[in-house]
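Asks: Using the sequences and the accompanying hints, generate a full structural model.
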Amino acid sequence: MARAYAELRTDEVVFRGDPASHEFIAFWLPGGRVAAAMNANIWDVTDALQALIRSGARVDRARLADPDVALADLTAGAAP
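In my numbering, the protein residues as written are 6 to 85.
Treat the hints with care, as some may be off.
[To be verified] What follows is a set of in silico ranges between Cβ atoms, one per label pair, in the way DEER data are often shown:
1) A25 - A81: 29 to 37 Å
2) G61 - A25: 30 to 38 Å
3) A81 - D49: 16 to 24 Å
4) F20 - D49: 15 to 23 Å
5) H27 - A81: 13 to 21 Å
6) F20 - A77: 28 to 36 Å
7) A70 - W48: 13 to 21 Å
8) R68 - M43: 15 to 23 Å
9) D78 - F20: 26 to 34 Å
Hints in this document: simulated from the structure, not taken from any laboratory. Where is the CB? At the ideal position from N, CA and C, for every residue including glycine.
Replies: Written out as structure tokens, the structure is:
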């Protein structure tokens, strides 16, 4: 799994939450699409993260970073 992250070609990472608080989700966005996500001390989001990645949809970075926006809502109406 570490190798898969090492091979990601992206220079954009979006954080939802504050890494300094040790409670956050990091998203890697090559081409504006979520290619990978990592959650730290945020529970019950695995299914939503997998759905977001599998959707291949372009996401709005501001909404992605906003913890008040449900992860499932990020792909609603998003461009494929």
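Asks: Now look at each hint and say whether the structure bears it out.
Replies: Going through the hints against the structure:
{"no.": "1", "hint": "A25 - A81: 29 to 37 Å", "result": "holds, 31 Å"}
{"no.": "2", "hint": "G61 - A25: 30 to 38 Å", "result": "holds, 31 Å"}
{"no.": "3", "hint": "A81 - D49: 16 to 24 Å", "result": "holds, 20 Å"}
{"no.": "4", "hint": "F20 - D49: 15 to 23 Å", "result": "holds, 19 Å"}
{"no.": "5", "hint": "H27 - A81: 13 to 21 Å", "result": "violated, 30 Å"}
{"no.": "6", "hint": "F20 - A77: 28 to 36 Å", "result": "violated, 19 Å"}
{"no.": "7", "hint": "A70 - W48: 13 to 21 Å", "result": "holds, 19 Å"}
{"no.": "8", "hint": "R68 - M43: 15 to 23 Å", "result": "holds, 19 Å"}
{"no.": "9", "hint": "D78 - F20: 26 to 34 Å", "result": "violated, 18 Å"}
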